[in-house]
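Sequence lines, in order, name chains A and B.
Using my numbering, the letters of the first sequence map in sequence onto residues 1 to 251.
Using my numbering, the letters of the second sequence map in sequence onto residues 252 to 595.
Hint data in this document are derived by calculation from the structure and do not stem from the laboratory.
Backbone N, C-alpha and C fix where the C-beta goes; we use that ideal spot for every residue, glycine too.
Incorrect hints may have been included.
Stated by the list, open to error - Label pairs and their in silico Cβ distance ranges:
no.: 1; chain 1: A; residue 1: K130; chain 2: B; residue 2: S555; range: 48 to 58 Å
no.: 2; chain 1: A; residue 1: R10; chain 2: B; residue 2: D499; range: 39 to 49 Å
no.: 3; chain 1: A; residue 1: R122; chain 2: B; residue 2: L346; range: 31 to 41 Å
no.: 4; chain 1: B; residue 1: I256; chain 2: A; residue 2: L91; range: 38 to 48 Å
Listed below are the residues making up each chain.
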Amino acid sequence: MEILKLEGVRKYFGGVRAVDGVSFSVEEGALLGIIGPNGSGKTTLFNVISGVYKPDSGKIYFMGERIDGLEPHEVFKKGIVRSFQNPRLFLGMTVIENLMIPPRGQIGENPVKALFRGLWARQERSLAKKALEIIRAHQLTQVRLNWSGEVSGGQMKLIEISRALMGEPKLLLLDEPTAGVAPKLAREIFERIVKLRDELGLTFMIIEHRLDVLFDYVERVLVMHQGKIICDGPPDYVVKDERVVDAYLGE
Amino acid sequence: MGVDILPLVTSIVTFYGIYLILALSFNIEYGFAGQPNFGKVFFYSIGAYVAGNFTANMLMRASGVTGVDFCSDLAAEVRFKVAMSKPWLIIALFLLSLLIAAAVGGVFGYLTSYPALRLSGDFLAIVLLAFGEIGRVFARNYTPLVCGVYGLSGVPNPLVWIGDPRMARLAYSAIVLAIAFGMYLLTERLVNSPYGRLLKSIRDDELVSSVMGKVTPRVKGSALIIGSSMAAVAGVLYAFYVQTVVADDFIPIVTFVVVTMVMLGGVANNKGTLLGAMVMTLMDRLTRASFLRILGISVGFDISYVRYIVTGLLIILILMVKPEGLISEKPLKTPAIEEAEKLS
Ligand SMILES: Nc1ncnc2c1ncn2[C@@H]1O[C@H](COP(=O)(O)OP(=O)(O)OP(=O)(O)O)[C@@H](O)[C@H]1O
Ligand SMILES: [Mg+2]
């Protein structure tokens, strides 16, 4: 089943054609890589899908429903969760608290109910256990109680992924999840992603500059160049494509 | 020279309680939710107007006296007499004023949040500051509310029937302090929760909070409703203490004194607010001629200006030397943190 479909999506910034008429669709349970030289529009594509920007034109469907023009929180509610390329953590909170933001239906987020701990403490504890497990899988246990600004750059990226995972996504948009992360851990993260896809049926779209790692795990790659998709296919097909080679060499 | 210490204690305790409530409310809005409600004094004044107008009207009615101008000295005297003879009535009016003011303050908080929350940070601050001034000018000119520029006198202390005014005020100050401390405990409960975390997420990065599914305008609105409701309660406590309600008491400096309390103590930290409110209450009292007179001190100039200067200097000083305030922010005390601490 098609989980996401874009039709002729455009987003310009003045004269910059950041996303210039992009159409494609993604099957549920897919592991999709998105690559392309710097400034080719990858992050903008995520911004448009997640509601951070409204597209200038074009349509976006998620599980058959139009989602272009929705507010970010509405897109989240449908089941799309994203991470940020340049970590945007809640800096006035600890690492674990950052992970406690996305979970849905938190009873204690209601200001009246917040006053009665008995109403939400149990839910909170079970969410915290889940968060701590994700923290462990991303080797963040040591820093779980640090302020989120007081960790290394690589750890910030790991917190980004971890936080997104706490949002119970159907579709996860990860923007360069392993930049600045040690190669071994980067591979472990990808292995976890594959496992999540296999076990929970999540769908992943992953922007990545580390092609060697990415190509070992994804089965399909979109290549962007100057706001357009110039190639779409399995990794071994994409690497042989001349347009792709040109796009990268011309950088 | 013997200084009568009792009125000093009463004054400091009462104003500490009142300012503490205001500062806690500003801490919720600004410290936690990141919304600089520079219209604080407006919501404070709403409480005072409600308390004054409602209590005075009800007392006039209970007196059976008709044909007397609501704003006259005679009417004020009538109201005191009724309150002296009917303790239960003035106490009930006091309690009702608290409830009504909390509700009206909340409603105004909601109404102002509607346009205000479509604006960000600085604009929000300016718009709310303007609201406060518009409210004051309105109250000055619309006499049925609190008798315009002259103000409404004859809002009796709810314990006036005790007889000895000094004891009545002392007992009242204890009540104010108790209410303020209750508010402190409630605020602590409110913010050490997923709600507090939610507020902080908006403060730290509103866009990301929204991307993580939070309906941020609604949440910011809820913080303003809570904060405004609390400020109105403080206004009621003030009106019954000074026993008069004058629109010109509610000038922007009050807001800035409250802002300084929170910044001095440390944002998003209610313990810091306890401390900041204490320091600034002392500063506030010591720069008032009426207070200094009790101490037997008189200065040859308008001491109020010292308050403006000190407040301004303090804000600059805090920003330059210790922007995080005297006590810095701590992680919220939630079960999630407890679970994380258990791990080691
Ligand atoms: N908010 C914005 N305002 C103006 N221009 C923007 C904005 N966001 C992106 N752009 C421009 O749009 C183009 C695409 O940027 P985008 O960040 O989507 O590229 P990218 O493929 O993610 O690049 P990178 O690999 O460096 O992350 C760039 O020319 C960029 O400067
Ligand atoms: Mg990018």
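Comparing the hints with the structure gives:
Range check, K130(A) to S555(B): Cβ separation about 56 Å, and the 48 to 58 Å hint holds. Here the CB-CB span from R10(A) to D499(B) is close to 57 Å, at odds with the stated 39 to 49 Å. Between R122(A) and L346(B) the CB atoms are about 36 Å apart, so this pair conforms to the stated range of 31 to 41 Å. Checked against the hint of 38 to 48 Å, the pair I256(B) and L91(A) passes, with Cβ atoms roughly 47 Å apart.
When the structure is compared with the earlier hints, a violation turns up for hint 2 alone.
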